[in-house]
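**Student:** Chain by chain, the residues:
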Amino acid sequence: MMFKNVLIAASFLFLFSSLSAQEEDLLSLLGETETTDYTNASFKTNRVINLHSLENTASGVLDFKISHRFNPINNGIYDFFGLDGANIRLGLDYGVNDVMMVGIGRSSFEKTIDGYIKYKFLRQSKGKKNMPITAALLLTSAVNTLKWTNPDVEDLLKNRLFYTSQLILGRKFSESFSLQLSPTLVHRNLVETLAEKNDVFALGIGTRYKISKRIAINGEYIYLLPDQVANGVTNSLSVGVDIETGGHVFQLHFSNSRSMIEKGFVAESYGTWDSSLEGIHFGFNISRVFTLKRKKLEN
Amino acid sequence: MRKFFFGFYIFFMVVNVISGQKYFTKTGHISFYSDTPLEKIEGHNKSSNCVLDVATGKLEVATLVKGFQFEKALMQEHFNENYMESDKFPKAVFKGQIDNYSKLDISKNGKVTVKVSGDLTMHGVTKKVTTDAVVSINNGKIIADANFNILLADYNIKIPALVKDQIAKSLKIKVACTLEPLK
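Heads up: the sequence lines are chains A and B, in that order. Going by our numbering, the residue at position 163 of the first sequence is 163; the numbering climbs one at a time, nothing skipped. Going by our numbering, the residue at position 156 of the second sequence is 1156; the numbering climbs one at a time, nothing skipped.
Derived by calculation from the structure, the hints in this document are not laboratory data. Treat the hints loosely; a few may be bogus.
No more than 30 Å apart at the CA atoms, straight line, and that leaves these computed lysine-lysine pairs for DSS-like [as the list claims (entries may be wrong)]:
id: 1; chain 1: A; residue 1: K129; chain 2: B; residue 2: K1066
id: 2; chain 1: B; residue 1: K1072; chain 2: A; residue 2: K293
id: 3; chain 1: B; residue 1: K1174; chain 2: B; residue 2: K1066
id: 4; chain 1: A; residue 1: K126; chain 2: B; residue 2: K1026
id: 5; chain 1: B; residue 1: K1103; chain 2: B; residue 2: K1174
id: 6; chain 1: B; residue 1: K1040; chain 2: A; residue 2: K213
id: 7; chain 1: B; residue 1: K1046; chain 2: A; residue 2: K129
id: 8; chain 1: A; residue 1: K296; chain 2: B; residue 2: K1169
id: 9; chain 1: B; residue 1: K1040; chain 2: B; residue 2: K1103
id: 10; chain 1: B; residue 1: K1115; chain 2: B; residue 2: K1183
id: 11; chain 1: A; residue 1: K129; chain 2: B; residue 2: K1183
id: 12; chain 1: B; residue 1: K1164; chain 2: A; residue 2: K296
id: 13; chain 1: B; residue 1: K1091; chain 2: A; residue 2: K210
id: 14; chain 1: B; residue 1: K1158; chain 2: B; residue 2: K1103
id: 15; chain 1: A; residue 1: K295; chain 2: B; residue 2: K1091
id: 16; chain 1: A; residue 1: K128; chain 2: B; residue 2: K1066
id: 17; chain 1: A; residue 1: K296; chain 2: B; residue 2: K1141
id: 18; chain 1: B; residue 1: K1128; chain 2: B; residue 2: K1091
id: 19; chain 1: A; residue 1: K129; chain 2: A; residue 2: K197
id: 20; chain 1: B; residue 1: K1022; chain 2: A; residue 2: K128
id: 21; chain 1: A; residue 1: K295; chain 2: B; residue 2: K1164
id: 22; chain 1: A; residue 1: K128; chain 2: B; residue 2: K1095
id: 23; chain 1: A; residue 1: K128; chain 2: B; residue 2: K1046
Label-pair restraints from in silico Cβ distances [claimed, not checked]:
id: 24; chain 1: A; residue 1: L181; chain 2: B; residue 2: K1088; range: 25 to 31 Å
id: 25; chain 1: B; residue 1: G1124; chain 2: A; residue 2: K129; range: 24 to 30 Å
id: 26; chain 1: B; residue 1: K1088; chain 2: A; residue 2: K129; range: 18 to 24 Å
id: 27; chain 1: B; residue 1: T1036; chain 2: A; residue 2: N97; range: 27 to 33 Å
id: 28; chain 1: B; residue 1: T1036; chain 2: A; residue 2: L292; range: 20 to 26 Å
id: 29; chain 1: A; residue 1: D84; chain 2: B; residue 2: T1036; range: 38 to 44 Å
id: 30; chain 1: B; residue 1: A1161; chain 2: A; residue 2: K158; range: 52 to 58 Å
id: 31; chain 1: B; residue 1: S1170; chain 2: A; residue 2: L181; range: 44 to 50 Å
Glycine included, every Cβ here is placed at the ideal spot set by N, Cα and C.
Produce the entire structure from the sequences given, and follow the hints as far as they go.
**Tutor:** This is the structure in structure tokens:
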């Protein structure tokens, strides 16, 4: 009798399991394979406006950047609100791999040549590997190639050099909102007056908010610690819009900084964001990417 | 009585084993092709999941949208960010059935063409899909290949006017899976 009961129970068990086998989700039999999902597209391009963003140029991709900052808007109609004159930076950025990029550029402002290397040591990700933020280190140097005009100081290469070290700590909080902090140290080998420090510490903050799939609003502010720079230097504040159109990103903005490299926009911005709009410049960055190394896809 | 239950028991055990004949892969290759005179775009995902129930002909395929690889990094970024919105819709899933299914004989090598129909869900939209598939048996493995076309508009994927000449309205999808018995 006991045996019979066990058999009945077993039969129902099998009946149940075979019936449920008809209903089950086949894919769930495989279970979930956990993968690491790296966050991408926190910003449309590798710059917020002037500041480096936490994004790199992709591996094997060359990004040609044409950037302009026009004369101050408050020059008025005589100067066509600044459009009659422009500072230009031409730059090339290249993604060496997924975490490192390098770049060079030349600015018409103070005829400066700059170069940089940017390395991401943490990448925001979820899944198998969970990392809440992206962190990168940016090292830049710049050399001023203007004709030497100061008769009291010898014209040595070291007197023309500037260096910047910057940490970029940021996070893409949602599909549309990203925020980053950029603690910055600008080192100037030679400064004009005793009151100016060779080392300038600053804290940058940059953000973007996407208002559609292809358009984003960007903003950045760089706070200078007191008593480091020349009289009249202001904290850099820029607001702009990013428009992405396939292979191009157009960044249009207003900024109180004239220069497009760190030593300039961090430590030598003069414009003021008040009602006079003195020294506010309209400008743009145009980014065009070329894929130099294509990813191999075997069929 | 005892014999009856014993027979009952054996019967359901057999049913259970038969319905348990499932074949699977986790390395299915799904690719798509957008072909226009201006630009050829293709994406490949080689870690797609596929399960076939040999007893019933039921078939399910799933793939992670972020797993598609492209020749150009920017294409991959735009594919995820602007078109498939992979953060919102991470998976593409097909759940279907081989039509007029007669059981595959796994023990014999051979090749048959079958019709597969079912629901393809991606970008938050589910649509009926029907396609021919070639199923071949090779030493206990099932190799399945299918090609079909889908319309991007069906899946609510919008192409901006600016790039409408670079992206085809109809994509060709290729599926190639080599299935092994699921233990």
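**Student:** Each of the hints needs a verdict: does it hold here or not?
**Tutor:** Now the hints, each set against the structure:
no., hint, verdict
1, A:K129 / B:K1066, "holds, 16 Å"
2, B:K1072 / A:K293, "holds, 8 Å"
3, B:K1174 / B:K1066, "holds, 17 Å"
4, A:K126 / B:K1026, "holds, 21 Å"
5, B:K1103 / B:K1174, "holds, 24 Å"
6, B:K1040 / A:K213, "holds, 23 Å"
7, B:K1046 / A:K129, "holds, 21 Å"
8, A:K296 / B:K1169, "holds, 25 Å"
9, B:K1040 / B:K1103, "violated, 40 Å"
10, B:K1115 / B:K1183, "holds, 27 Å"
11, A:K129 / B:K1183, "holds, 29 Å"
12, B:K1164 / A:K296, "holds, 26 Å"
13, B:K1091 / A:K210, "holds, 23 Å"
14, B:K1158 / B:K1103, "violated, 41 Å"
15, A:K295 / B:K1091, "holds, 23 Å"
16, A:K128 / B:K1066, "holds, 15 Å"
17, A:K296 / B:K1141, "holds, 28 Å"
18, B:K1128 / B:K1091, "holds, 17 Å"
19, A:K129 / A:K197, "violated, 43 Å"
20, B:K1022 / A:K128, "holds, 28 Å"
21, A:K295 / B:K1164, "holds, 24 Å"
22, A:K128 / B:K1095, "holds, 27 Å"
23, A:K128 / B:K1046, "holds, 19 Å"
24, A:L181 / B:K1088: 25 to 31 Å, "holds, 28 Å"
25, B:G1124 / A:K129: 24 to 30 Å, "holds, 27 Å"
26, B:K1088 / A:K129: 18 to 24 Å, "holds, 22 Å"
27, B:T1036 / A:N97: 27 to 33 Å, "holds, 31 Å"
28, B:T1036 / A:L292: 20 to 26 Å, "holds, 23 Å"
29, A:D84 / B:T1036: 38 to 44 Å, "holds, 42 Å"
30, B:A1161 / A:K158: 52 to 58 Å, "holds, 54 Å"
31, B:S1170 / A:L181: 44 to 50 Å, "holds, 46 Å"
Hint compliance for this structure: hints 9, 14, 19 are not met, and every other hint is.
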